[in-house]
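Novice: Using the sequences and the accompanying hints, generate a full structural model.
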Amino acid sequence: MINRREFLATPLAAAAAPAKGKADACIFLWLGGGAAQIDTFDPKRRGDGKKVAGAAYGAIDTAIKNVQVCEHLKQTAPLLDRCAVLRSITHPIVSEHAAAANLVHTGRTPSGTLQYPSIGSVVSHQLGSKTEEVPNYVVMGYPNITRDPGFLGAKFGYVYLTQTEIGPNGLVRPPDVDSTRQDRRETLLASMREGHQNRNAGDAAIQAQGDVSRQAFRLAGPRFMNVFALNRESKTMRESYGGEFGQRCLLARRLVQAGARFVEVSFNLNFLNGSGWDTHNDGQTNQHLLIRDLDKAFATLLLDLEKQKLLETTLVVIATEFGRPPEFDAGGGRGHQSEAFTMVLAGGGIKSGLAVGATDDLSKKVIERPVSIPDFHATIHNALGIDPLKNLYAGDRPVPITDHGKIVQELFA
Amino acid sequence: MVRSLIASLAWSLSAAPAPSLPGGGPIQVEIFEDLAAGKEFDLAAMKSIDRYTEPAFAFIHTPTKFAANAIPLDRSTPFILKAAYQRNYTAGSYTLRLRARGAARLFVDGKLVAQTQAQKPNTSGDDPVPPAVERGNTPLRPAAYPHQDSLAPVQLSDGPHEVVLIAVIGGKGLYPSPGELAVGIRTKDQLVDQLLGPHDAPPLTDAGWEAYSLASARRHAESDKVRRRTVSQEVSALWNARHKSQPAKSAPAIPSAPDGYPVRNAIDNFINVKLAATSAKHTAALNDLEFLRRVTLDTTGLIPTPAEIAAYLKDAPKSRRANAVNRLVDNPSWADHWVSYWQDVLAENPGILKPDLNNTGPFRWWMHQSFSDNIPFDRFVAELVQQEGSATLGGPASFSQATLNDSPPAAKADIVAQAFLGQKLSCSRCHDAPFHPFKQKDLFALAAMLEGKDLKLPATSTVPQGEGGRKPNVVSALKPGESIAPAWPFAKLLEHADSGTLPVAAKSATRNQLASFLISPDNDRFSQVVVNRVWKRYMGVGIVEPADDWSRGRASHPELLVYLAHQFRASGYDLKHVAKLIFASHAYQRKAAGTAADQMSSAKRLFAGPAHRNMTAEQLVDSLHLAAGKPFDCEEMNLNPAGDRSPKQFINLGKPERGWHLTALSNERDRPALALPIAQSIVDVMTNYGWRQSRQSPATKRDDAPSPMQTLILANGVLGTRIARLSDDSAFTGIALGNATVDALIEQTFTRILSRKPNAPELAMYRNLLAPVFAARVVKGAEARSTRRESDGRVSWSNHLSAEATVIRLEEERKLRFGDKPTERLTKDFRERYEDTLWALINSPEFAMVP
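From first to last, the protein sequence lines stand for chains A and B. In this text, residue positions in the first sequence follow the numbering used here: the first is 1, and each later residue adds one. In this text, residue positions in the second sequence follow the numbering used here: the first is 1, and each later residue adds one.
A hint or two may mislead.
[As the list claims (entries may be wrong)] Which residues of chain A face chain B? A few of them, derived with a C-beta cut under 10 Å, are: (1) 100; (2) 172; (3) 191; (4) 216; (5) 220; (6) 222; (7) 223; (8) 271.
No wet-lab data here; the hints were simulated from the structure. Beta carbons: idealized from backbone N, C-alpha and C, even for Gly.
Specialist: Given below as structure tokens:
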């Protein structure tokens, strides 16, 4: 009878390491506010919107046998065979949005000794740049610390935009500066810069600083900016994606096409129902409009990536900070629930067309195969060919990419 | 002599009631505390805590309450403001307007004439945006939501009458500030109310109110300063006495200066010994203007103004540098520039929105007043670790907080040890440190001293032993749940604290003990760590590196370190004394050479020249605004303008005027209506230049290496556009309109931005650009336009989920990109060329490099 240590030392153990995915880029769709799993990807029996707990909508069949989704995910349902639905996500931060969003983005809670990097920064750090023509890590949403690079440093930070028409902050010229004026500016600046460098010819620091300034303007050139120009897409294409969230998804596809590694797309505009995904009280009333918007954009993105032959190498993630309970609150909406909720993966060469884990008859508790946030991160990293237990370094301190995250093996051959 | 810390003083500025002059004197205001619920207006038997005056019935700021050692204290929740005023009136009909957001009562000659309802705490995020107030034909400043106006028509006879206002300020679930508490008075033939008060009191219009508010802020800041210095005179004297009673130590020997190396003071002797030993050459001396720019940045965090440059050059050459240093260390901005530094080192991390990410309170305010008062540095450290005073108003108690951290005292122990002892305990947070001589028990023993009692080790602060897995590389002798007693863990540095008593004792004995250990005159490490930090700040690299982790490095000039530490201690721990020594040395007054990164090994640190430094993020944004003569004009850092939520969830950090006033915008919820677009435009530049919006852990070195995004955010972003834009409030517009010749214009522009004159090629280049359009540049008859940037004050946390709030903020973001309205007083062609000139100068790498 071999003991465990001997067993682990055998070559058989080596073969147990899972295959990696095929992704070299990630589109991270962020449903800010906490999307109710019972009203989207893990539907259960109907409630009455008041005292009887349950789903707010009916459920429909999907391309995955025995798996249903909310009736408002009509376009996504037949495409679910491209997806893996993780229905048993669980973590303990239920009350605070910022703390929960921070956990889902960084995989850990703040320690006070260092600041952990967001998953976008880790991916950017590990995969490096495909091209100089587009930033590695782009956020369509508001800058906040959950997205920051932490101890990895500013080099692995992101470029952001809050409105697709405005474009990426810092990279778009001010509206009153056309290319003629920009040329004049850059000529004047070049002269100042070169004069400074020439007066300090032996000084390496001054030379280096001038060089960085010179290179920067090359980066924000026309090829780079064209990636952000959505008007280069056909009207039909733009309409098929839908509203602002859809346009952001289209932009994400363009960014990935141009070589970006990690694009976070926030679904944070709360025009449709007031509160976005944080459907307390009467935020619930028009939640179906949000779900339909998500449905249209997500389904279009999957088909678009497939058509562009990018789906196999692009991991698409639908993430949120927590889910919501099956009970309704006094205003007909739902509170927060982090003990059991759903996140979705698609593309990236993962095994798709399956649901992982299960919740009870009201999606209140995980009854099968819980998946922690570190596990969720480990799975994403593995899809991107990144070792989730590899050490990053904060100074001398090794910090594993995930906090003991275990890859969801079912998703890899 | 040891005194009790919490000493509320009943102290009065002016005791006598106002004489009944025709115009009236100032309004007499009293603050009462600890009224029982339901008895807020029963003041007859109560004694006021504070008494002061206001020029009119407008109460925006209230005096800070100070303890005997000047740290800010909380008032009771709620507290009561009573204002009384007597003056002569002409007979007639008047309408009084009581404006308040909480419960208030207005009395005329003892009779109640108007009252407002108590404010209710708000827990909703689903409110609608309050309707925009209809102004109609009146210039009256509308009552900002949720203020109520209660109108009272009164008939007054000829002669004296007394008006008394009693208002409840704050309360459970409310913010402890008056909002826009005011009383107006109007006769039938006046178009708009005047603030009640002397006959020259301002009108209750937007312009009148804003001017009053600005003046009130300055007046209260000044009055707080005077009061806290007066109140703490005795404590200050005790600190002086403590310093004097410490046995004098013999001054370290100063080595003789080797031949051939320049000397301005003793610091150079030490530096030159090593330079001579390695036959290294020192760099060239800075010229006068380079020196002024560098030392002005190092003392005030700002570039010198043209007026400062002119005054400096008028001074005799031999004395101008020393005169400048003496002026600059006493400049009020000395305090601002130090706050930025200690915010990083002490991990000051307030959150304006339900702070739950390792947030502290806003102890920036207490730090600023401490540097402003130039309290001795040992006193600063003692008060910090005693952690008393107001947590909400930014007293040292707010240092003790670390929201959702499994052991705040452990986090603070790490900070204190790095900041003041160069002991980096961070690795001991969760296990015995693998590369440092510290055990986890050391950190927690120190943490227990900060906490004031035994601490239990949280399981979340341990490294789990995997089931059957391999042994972890790091271990700890401690078990989860184990109790650790307070104990000084650094016997190697110092065995015993000195027996001199602290001038002010905290309630907690172990905090007092910790303070005593840290600031003991025998604690050489403390003095050396602090002077090393000061040295690094001005010279670009420390005598010891890393400055926060002395186990990992060696002193490059150990005797110099001892000398400076001695000077520091002998001066009574005066940072200004050490700073002046450094500024006066030849070593400081030389051109920079090399970078800090190249000089991490002690053998490489010769100080042939200071290491290259760029402006810090704060220096950059502050200097840009100063050059353009434009204020930040930024939104208030406050998501609860209505004041109807507890300060535990939402704090008001005020309207930022300097970089250090900003903080993370806390939009983890990613909601457009929670954005503050103007603040974001400033934060965007600062974060690219190494400023941390969230300081969850201590840092001595910023991540600020030159990067393409640094260049681009300034070149294309909203802030850079604002600085270069020739709006009517830009100093550059004034220069453009005023100058007689194009050469004079160019020279003034260079002086303002780069603190120097243009060289010949630069002059030629800009002359080429501007001369063709210079003569005809002025547009006759055009008028100056308002340049205020609007931020809709109705949007708040309470209504941020509404579509209307979202649209308002998205629109503000979009408009902001277009920048300030350009002046119409200059032709478009000239304006654009001159703006491009400004753009090139502020974006040239030279601007942000410290000379």
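Novice: All the hints need checking, so say for each whether the structure fits it.
Specialist: Hints and how they fare:
1. 100: holds, 9 Å
2. 172: Given a least distance of 6 Å, the restraint on residue 172/A holds.
3. 191: holds, 6 Å
4. 216: The hint holds - residue 216/A has a Cβ within 10 Å of chain B, the shortest such distance being about 4 Å.
5. 220: holds, 6 Å
6. 222: Check failed: Cβ of residue 222/A comes no nearer than 14 Å to chain B, outside 10 Å.
7. 223: Hint violated; residue 223/A Cβ to chain B Cβ min 15 Å, cut 10 Å.
8. 271: holds, 5 Å
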